[in-house]
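*Asks:* Since the structure of chain C is provided, determine the placement of chain L on it from the hints.
Number of protein chains: 2
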Amino acid sequence: MTETVHNWEDHGYLATYIKKNGSFANLRIHPHGLVLVDLQSYNDHMKGREEVDQLLNKVEERMQELFHGNIKRVKRLPAILRGGVIDRYWPTADGRLVEYDIDEVVYDEDSPFQNIKILHSKQFGNILILSGDVNLAESDLAYTQAIMGSGKEDYAGKEVLILGGGDGGILYEIVKLKPKMVTMVEIDQMVIDGCKKYMRKTCGDVLDNLKGECYQVLIEDCIPVLKRYAKEGRMFDYVINDLTAVPISTSPEEDSTWEFLRLILDLSMKVLKQDGKYFTQGNCINLTDALTLYEEQLSRLYCPVEFSKETVCVPSYMELWVFYTIWKKPTDI
Amino acid sequence: MTETVHNWEDHGYLATYIKKNGSFANLRIHPHGLVLVDLQSYNDHMKGREEVDQLLNKVEERMQELFHGNIKRVKRLPAILRGGVIDRYWPTADGRLVEYDIDEVVYDEDSPFQNIKILHSKQFGNILILSGDVNLAESDLAYTQAIMGSGKEDYAGKEVLILGGGDGGILYEIVKLKPKMVTMVEIDQMVIDGCKKYMRKTCGDVLDNLKGECYQVLIEDCIPVLKRYAKEGRMFDYVINDLTAVPISTSPEEDSTWEFLRLILDLSMKVLKQDGKYFTQGNCINLTDALTLYEEQLSRLYCPVEFSKETVCVPSYMELWVFYTIWKKPTDI
Chain C
1 MTETVHNWED HGYLATYIKK NGSFANLRIH PHGLVLVDLQ SYNDHMKGRE
51 EVDQLLNKVE ERMQELFHGN IKRVKRLPAI LRGGVIDRYW PTADGRLVEY
101 DIDEVVYDED SPFQNIKILH SKQFGNILIL SGDVNLAESD LAYTQAIMGS
151 GKEDYAGKEV LILGGGDGGI LYEIVKLKPK MVTMVEIDQM VIDGCKKYMR
201 KTCGDVLDNL KGECYQVLIE DCIPVLKRYA KEGRMFDYVI NDLTAVPIST
251 SPEEDSTWEF LRLILDLSMK VLKQDGKYFT QGNCINLTDA LTLYEEQLSR
301 LYCPVEFSKE TVCVPSYMEL WVFYTIWKKP TDI
Chain L
1 MTETVHNWED HGYLATYIKK NGSFANLRIH PHGLVLVDLQ SYNDHMKGRE
51 EVDQLLNKVE ERMQELFHGN IKRVKRLPAI LRGGVIDRYW PTADGRLVEY
101 DIDEVVYDED SPFQNIKILH SKQFGNILIL SGDVNLAESD LAYTQAIMGS
151 GKEDYAGKEV LILGGGDGGI LYEIVKLKPK MVTMVEIDQM VIDGCKKYMR
201 KTCGDVLDNL KGECYQVLIE DCIPVLKRYA KEGRMFDYVI NDLTAVPIST
251 SPEEDSTWEF LRLILDLSMK VLKQDGKYFT QGNCINLTDA LTLYEEQLSR
301 LYCPVEFSKE TVCVPSYMEL WVFYTIWKKP TDI
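Protein sequences, first through last, are from chains C and L.
Position 10, counted from 1, in the first sequence is what the UniProt record's numbering calls 10; the numbers after and before it change by one each time, with no gaps.
Position 98, counted from 1, in the second sequence is what the UniProt record's numbering calls 98; the numbers after and before it change by one each time, with no gaps.
Chain C extracted, bound-state conformation (with noise of 0.2 angstroms):
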């Protein structure tokens, strides 16, 4: 083992540990106290693991004796894996570390849209990761009854528009509650191909094929769909907008992102009954300043709406989500 050791004037010091193995571990100490210790080995198997427990007990132990028992407080993190095939670490909206139980990359692909994940977690099954972004797992029926209004909607013989939803949740919900049509615009068919393959318990066989009974899928952008319907005079009971927290469009007129969730919002009113609703999901609860802004977006719309909003636990988050109710304002009789 090689030792090197490095004097800071006033920081304290580090020495660092080195194997002939390729491990190593720094162990740094500051003036005021805090020792930190990391190990850093390459292993892939549980075995190392094991190993490495082993020998953290054994610096605890060793620590405790040189400190004659005067440690106020051990704190030993969970390793943290790295540069492996499986990526467990998916960090929260509003940007914590949190590690998932993930054990297999069932699904890998960039569409001209986006990086489709869907990786299998013991506890939550399959998870729909779009660009880096947890959207959806099969333990989240509770995220699809929040954006269908929570349960307290009678969909049966409504005309309904769901903007996204390519994991097949939402419409194979509706199709059960017998709606007179259901259109679904997802923009990305391999983000449909993923998903009936890999995310059943989601979608059940409603993406098997495009058209239904009582259901369309169009595999388009929404905007100019959305354009056509409100020239057309088409109008929907429900509007459920499902698109990804960050806009993705065909249609590069809009720049920001408010711009974009804007001109969705005004085309979607545009073509909700008066007394439709539109359902929406926000964001993590603990983005404030988001939230907040998205709400000043509603009153600049080309009609006066109101809203409503409801905190809801999805499993596969890891934080509370808050799910918005969006209609037009009752107008005076």
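Treat the hints loosely; a few may be bogus.
Here are some of the chain L residues that sit facing chain C, going by a computed Cβ distance under 7 angstroms [as the list claims (entries may be wrong)]: (1) N7; (2) H11; (3) L14; (4) A15; (5) Q123; (6) I285; (7) S308; (8) C313; (9) P315.
To be clear, the hints were calculated from the coordinates, so they are not data collected in a lab.
Note that beta-carbon positions come from the ideal geometry of N, C-alpha and C, so glycine has one too.
*Replies:* Okay, now just chain L, sitting in the frame of chain C:
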């Protein structure tokens, strides 16, 4: 900046860069092409973190240049914050690293039985952590509902025994349902003291007095209480075991966790009416071995029992949790 480089014969190389301000970086290059960069600095404020982000942006750009854009995958993880007053890392029962949005230490005391922490999370409210184990957050009504039978039970006019439950959540919810009498047996007065002050959303005012119109709280080890009740022939409609996963008891007679669990179960069955129900939390859904072992204990009780289980998403746990319902096997008529 000081640079130290170590070359292994077969394991690539490690460069350490040390800055005058006490921060340092490791650059570990493995022969098969994995490059790991770790930066460690001592910063109390966000400004330092922004600087670190900018530095890492530059490192990433430079790496892309050096490799002529031939980098297959780049992943940057959020910084791990160590050594501060606030500890944001409370690994899951299945050993995963998860970061909580904790911004305040509300309560931190050692009782004769355990360490009691109540930490504030922006999204989950206050979280009770007993000896490092996340017990319950103010957001976790789902836990209390699950361990009460998920809304399928009628507690009106019933005799209920709660084992543990010091956060007051179960007691608070059951008292609303007009039971005949609820007896709660909690060993640790300090848990009650902390929770009645800082877990108000969970326990309401129910812990303000240890006795109410239809409830009493006994500050005792539940083992002797159960033995006393069994001897007296006192029977309950519901027994709810909300004891901590790792048992604490003043009775030294039971060595192993499983023996202790079986003792509790046996004694609970003795005070449970023939048509009564016993509810308890099991474990995280991924710990299948522990769940199987628990279920094996159920076949080794003094009387035959049957059970069902349910998997529930408890918001602050960041993993799915299994709850059990156990009842005495109906006798032949």
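*Asks:* Next, verify each hint and record whether it holds.
*Replies:* To see whether the hints hold, each was checked on the structure:
Interface restraint check for N7 of chain L: the shortest CB-CB distance to chain C comes to about 10 angstroms, outside 7 angstroms, so the restraint is violated. Restraint check, H11 of chain L versus chain C: the minimum CB separation of about 3 angstroms is within 7 angstroms; hint holds. Satisfaction of the interface hint for L14 of chain L is found here, the shortest Cβ-Cβ separation to chain C being roughly 6 angstroms, below the 7 angstroms cut-off. Because the closest C-beta pair between A15 of chain L and chain C is about 11 angstroms apart, greater than 7 angstroms, the hint is violated.
The beta carbon of Q123 of chain L is positioned within 7 angstroms of a beta carbon in chain C (closest approach about 5 angstroms), and the interface hint is therefore held. Because the smallest distance between the Cβ of I285 of chain L and any Cβ of chain C comes to about 5 angstroms, under 7 angstroms, the interface hint for this residue holds. Below 7 angstroms, beta-carbon pairs count as interface contacts, and S308 of chain L has none with chain C, the closest being about 19 angstroms; its hint is therefore violated. Because the beta carbon of C313 of chain L sits about 4 angstroms from the nearest beta carbon in chain C, less than 7 angstroms, this interface hint is met.
Interface restraint check: P315 of chain L against chain C, minimum CB-CB distance 4 angstroms, threshold 7 angstroms, status holds.
Hint compliance for this structure: hints 1, 4, 7 are broken, all remaining hints hold.
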